[in-house]
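Engineer: Chains as they are written, first to last, in the numbering used here: chain A, 1 to 155; chain B, 1 to 155.
Treat the hints loosely; a few may be bogus.
Since copy identity is lost for identical chains, a pair holds within one copy or between any two.
Listed next, the in silico DSSO-like pairs over lysine-lysine satisfying Cα-Cα at most 30 Å (straight line) [stated by the list, open to error]:
id : residue 1 : residue 2
1  : Lys115    : Lys56
2  : Lys153    : Lys92
3  : Lys56     : Lys105
4  : Lys87     : Lys56
5  : Lys92     : Lys133
6  : Lys133    : Lys87
7  : Lys33     : Lys107
8  : Lys56     : Lys27
9  : Lys27     : Lys133
Calculated directly from the structure, the hints in this document are not laboratory data.
There are 2 protein chains.
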Amino acid sequence: MKKKLMLAGFALALGAGYTLTAFSQVKPEILVKQRQAAMTLQGKYAGPLGGMAAGKVPYNADTVAFNASMLDALSRMPWDGFAESTKGVTVKTAALPAIWSEPAKFKEAQDNFQKAVQALVAVSRGGDEAAQKSAIGAVGKACGACHQDFREKQN
Amino acid sequence: MKKKLMLAGFALALGAGYTLTAFSQVKPEILVKQRQAAMTLQGKYAGPLGGMAAGKVPYNADTVAFNASMLDALSRMPWDGFAESTKGVTVKTAALPAIWSEPAKFKEAQDNFQKAVQALVAVSRGGDEAAQKSAIGAVGKACGACHQDFREKQN
């Protein structure tokens, strides 16, 4: 088992005092799988909140708090998976070239999403349904803004 | 967009005062995809720690703390994906029938894993490398014990 994980000093600003270390030797296909897994799970936990904000799903404060805390972690997970090494990967991905040609803009979109999630986490600890639904809307907007610029249109 | 998410009262004991709500109407294939995504990401964050504990990767306290916090969230994510509805699913899965025939034992394996992760999170806040490596070993053991009984052998 030759699993070489080189812990390079590739720190991302995470807004939480953590240093995220990238594993520059992880195969590009694995990086893609991992970042897609993070997006899949963001959908799992954001989806029901979106349903609540839209009035399609009954409001549940416990679910808002739990899902917000899961999104807090998940909002930090995909980004190191968009390594340069994954640019020409042959596995199916909806990642657009702008991710690598406009890194500052991509980083800004990540930060906006993380800030929106942090704001949701903060209000999820109180019981103000309206404030929570507004914060959920902001998270959804941040998701959409990033997808607009950096993900292939879905059909 | 007809995305019906029925928030049923299917609470899992999460050990953190949260109520996890399952979406009984989510398609089995999606549930499988989501639980596999959680396992993929557990591997992403546990792998390097295992490497450190084994002395194959340089020890890094920040990485231990960050990865432990990611595992804290991830250790809560897969289980509602093993819904009864996924038993006969046609997509590829390594889930063994024992998951549904021995639910108490499966639950115990989940709890052991979550407890091991909690213990790692606790020691990851101090700087004791030996204690952290020992806690990492316990997490790996809990992963392996569950896989032994509930996952098809990997080749």
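Engineer: Could you run down the list of hints and mark each one as holding or not?
Structural biologist: Tested hints:
1. Lys115 to Lys56: within (25 Å within a copy, 36 Å between copies)
2. Lys153 to Lys92: both (14 Å within a copy, 27 Å between copies)
3. Lys56 to Lys105: neither (33 Å within a copy, 36 Å between copies)
4. Lys87 to Lys56: Close across copies (28 Å), not inside one copy (38 Å); limit 30 Å.
5. Lys92 to Lys133: neither (34 Å within a copy, 37 Å between copies)
6. Lys133 to Lys87: neither (37 Å within a copy, 35 Å between copies)
7. Lys33 to Lys107: both (20 Å within a copy, 27 Å between copies)
8. Lys56 to Lys27: So Lys56 and Lys27 pass the 30 Å test across copies only (18 Å; inside, 41 Å).
9. Lys27 to Lys133: The answer is between: 26 Å across copies meets 30 Å, while 39 Å in one copy does not.
Against the hints set out earlier in the document, violations occur for numbers 3, 5 and 6.
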